[in-house]
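Take the sequence shown: its position 483, counting from 1, is numbered 483 in the numbering used here, and each next residue is one higher.
No lab work stands behind these hints, which were simulated from the structure alone. In this text the structure is predicted, and so the values were computed from the model without any measurement. Every residue, glycine too, gets a C-beta built ideally from N, C-alpha and C. Heads up, a few of these hints could be off.
Cβ-Cβ distance ranges computed for the label pairs, FRET-style [to be verified]:
1) A588 x R690: 48 to 56 angstroms
2) V647 x A589: 23 to 31 angstroms
3) V647 x L170: 53 to 61 angstroms
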Amino acid sequence: MSATEGKTWPWQALRWRPPGREARDTFFLLGLIAATLLPHADHLPAWCLGLAGLVLGWRGWLAASNRPLPGRWTLTLVLGVAVLANWLQFRTLLGREPGITLLVLLMGLKTLELRARRDAFVVFFLGFFLVLTHFLYSQSLLTALWTVACTWGLLTALVLAQMPLGQPHLALAARQAARVTLQGLPVMVALFLLFPRIGPLWGIPAEGVGRTGLSDRLQFGGISEIANDQSIAMRLRVLEGQPDPRQWYFRGPVLSDFDGRLWTATDELPSGEPPLDPARRQARTTGPRLRYELTLEPLRIRMLPMLELDPSAAGETLQLDELRLRLDREHVWRTQRPLTERLRFQHLAHPASEALPQQLDARELSDYLDLPPGLNPRSLAFARALLQRPALAALPESRRPAAAAEALLQHLHEQPFSYTLSPGRYGEQSPHLIDEFWFDRRLGFCEHFASAFVVMMRAMGMPARVVTGYQGADPEPQDGFWVVRQSQAHAWAEYWQADRGWVRADPTAAVAPYRIQRGQILEPPPGLVGSMLGTVSPDLWRRLRNGWESLDNRWQQWVLGYARQDQFKLLSKLGFESPDWTALGQAAAGLIAGVLVLALAWNAWQSRPRDAWTRQRLSVQKDLSRLGVPAPLHLSYSHWAQALEAVMGPAAQTAAALLRSWDQARYGAGPQAPAQAWRSGWRQALRTLRRPA
Numbered sequence: 001m002s003a004t005e006g007k008t009w010p011w012q013a014l015r016w017r018p019p020g021r022e023a024r025d026t027f028f029l030l031g032l033i034a035a036t037l038l039p040h041a042d043h044l045p046a047w048c049l050g051l052a053g054l055v056l057g058w059r060g061w062l063a064a065s066n067r068p069l070p071g072r073w074t075l076t077l078v079l080g081v082a083v084l085a086n087w088l089q090f091r092t093l094l095g096r097e098p099g100i101t102l103l104v105l106l107m108g109l110k111t112l113e114l115r116a117r118r119d120a121f122v123v124f125f126l127g128f129f130l131v132l133t134h135f136l137y138s139q140s141l142l143t144a145l146w147t148v149a150c151t152w153g154l155l156t157a158l159v160l161a162q163m164p165l166g167q168p169h170l171a172l173a174a175r176q177a178a179r180v181t182l183q184g185l186p187v188m189v190a191l192f193l194l195f196p197r198i199g200p201l202w203g204i205p206a207e208g209v210g211r212t213g214l215s216d217r218l219q220f221g222g223i224s225e226i227a228n229d230q231s232i233a234m235r236l237r238v239l240e241g242q243p244d245p246r247q248w249y250f251r252g253p254v255l256s257d258f259d260g261r262l263w264t265a266t267d268e269l270p271s272g273e274p275p276l277d278p279a280r281r282q283a284r285t286t287g288p289r290l291r292y293e294l295t296l297e298p299l300r301i302r303m304l305p306m307l308e309l310d311p312s313a314a315g316e317t318l319q320l321d322e323l324r325l326r327l328d329r330e331h332v333w334r335t336q337r338p339l340t341e342r343l344r345f346q347h348l349a350h351p352a353s354e355a356l357p358q359q360l361d362a363r364e365l366s367d368y369l370d371l372p373p374g375l376n377p378r379s380l381a382f383a384r385a386l387l388q389r390p391a392l393a394a395l396p397e398s399r400r401p402a403a404a405a406e407a408l409l410q411h412l413h414e415q416p417f418s419y420t421l422s423p424g425r426y427g428e429q430s431p432h433l434i435d436e437f438w439f440d441r442r443l444g445f446c447e448h449f450a451s452a453f454v455v456m457m458r459a460m461g462m463p464a465r466v467v468t469g470y471q472g473a474d475p476e477p478q479d480g481f482w483v484v485r486q487s488q489a490h491a492w493a494e495y496w497q498a499d500r501g502w503v504r505a506d507p508t509a510a511v512a513p514y515r516i517q518r519g520q521i522l523e524p525p526p527g528l529v530g531s532m533l534g535t536v537s538p539d540l541w542r543r544l545r546n547g548w549e550s551l552d553n554r555w556q557q558w559v560l561g562y563a564r565q566d567q568f569k570l571l572s573k574l575g576f577e578s579p580d581w582t583a584l585g586q587a588a589a590g591l592i593a594g595v596l597v598l599a600l601a602w603n604a605w606q607s608r609p610r611d612a613w614t615r616q617r618l619s620v621q622k623d624l625s626r627l628g629v630p631a632p633l634h635l636s637y638s639h640w641a642q643a644l645e646a647v648m649g650p651a652a653q654t655a656a657a658l659l660r661s662w663d664q665a666r667y668g669a670g671p672q673a674p675a676q677a678w679r680s681g682w683r684q685a686l687r688t689l690r691r692p693a
């Protein structure tokens, strides 16, 4: 025997050994919990994610080292810390954010007391509930695919818990979970197609939608923050007319009150003011007509940014499912509640029109002349000097607004103004923000140019206002849809001209024509993945993003966009002459009845005898029962033969002999399946017994 035989080397102790059944199942469950928590990483507080990760790591270490679970007092202490931290963070334990935070912490802590299958079931069903909370934040295709994967994993863990003996392979449990899921898939699809969409229950929760950034307030730096957001705001499909994104201005909030830093919207109609008369509210549109379909993401604002110029008259209403809209005097479609669900509708516009004809009196126009007193003296002096130039002073008063606007735009074009996404903060050294922008720094975004333009026009005594919304779209359509992103949020100006009404002026186009004419927007630097793909192919990242967004758009249109009208159309195809709620209820009831019948049939099919011996035994038992012979299934064929002879007497000898031969064939040496000859002989013996004496 050599000196090295039987010796254990240090590295041999470091070799990986497969974990036992309990540790393996615990690691699998902890991985599932981590995957379920991952989509909440950018919603929950950092301390919550850190504490949950610490608890899961603690439980994994206990499983790996085969140590006992912590006692009740330790768990109570950790739970108290978690609840206290949650209260300090939100000042309440109710609501979406504190509720999900507490659910995550409770789920992690529950893994520290996995002592029985009952505890495991609690974790499983907490996991199923946590999967549902993902849809409070996003309903995208990626979220749906991730939740399907997490649900499959939790079902796999549930199947494993039902296999207490041995060490079943994970693949076996995963196949069983997939099989059960696929069996329920047709029912899920049928319920999706026919379950009534009852608003407002059938919609996206109000807290679960993204913020567009557009509102009835605008402060320097506001839209530049939106411009960093590349998410989709809306999709437009042209149904009639020629698409030209350069002319597309999606009208949103109109802002007229200015305090020197902040623009806000005025009330639609002052208290006690009568509504506008129809003769004064009609918009006389010019240019070619465009009929379009708009799919609007949940924006959480009380207005719809729609294409200018809308031929509708102020005061008209529009009904979209449960949502009622009204066109106000500033030609903005307003709603009674924030937009918390995705909308899809068709409408008309004349995007080539640049004026909104209206009839306003001097009192109404005065709302668009106010300026904060004592601010921006250099800008006011510049505006007065511009108005005194001979080229403007000699013009009739009705033509001065257009000439003044042209002079301001020319000044912006000729002077060294720069269009930048990061102009820095204004007003840190002085309250005169417009002066600082117009004369000193000359760096800004669309909001800066529009604000300065409106202040200059008002300083010359000409009514003007700021309009916010979106401008343009992506250069190329995706699957026939033009994509408008949050990064295309925009601000422009309108000034009043007596013979035309409100005229659009876009000061940004004078400084950065590429932003308006070619739709080139300033974008933030790409992330790590985007930079790597851009190095390989400059166009690869954009094409990958567009491809995924096209796929997600189909998900939005076909699945999330499936509404009540689509259900009624489906009922029409199924033969209902006048689809309504009653017909939908009848179809749903028929579906439920059909599912029950199929379930009963499937249960009967599953409970049928699987082998020839069992089927033959049941058939013989029925034959004996018809003769009045007791034949319990727990007795053998020989006992049935004795009972047959006792009831039928000597006439049953042939049949009894056949039953005993069955016993011999089934349990004797070399058992074989029942022969056709035996069955023929048994039927002949039965006919003899049934023939009258």
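How the hints compare with the structure:
{"no.": "1", "hint": "A588 x R690: 48 to 56 angstroms", "result": "holds (51 angstroms)"}
{"no.": "2", "hint": "V647 x A589: 23 to 31 angstroms", "result": "violated (51 angstroms)"}
{"no.": "3", "hint": "V647 x L170: 53 to 61 angstroms", "result": "holds (57 angstroms)"}
Against the hints set out earlier in the document, a violation occurs for number 2 only.
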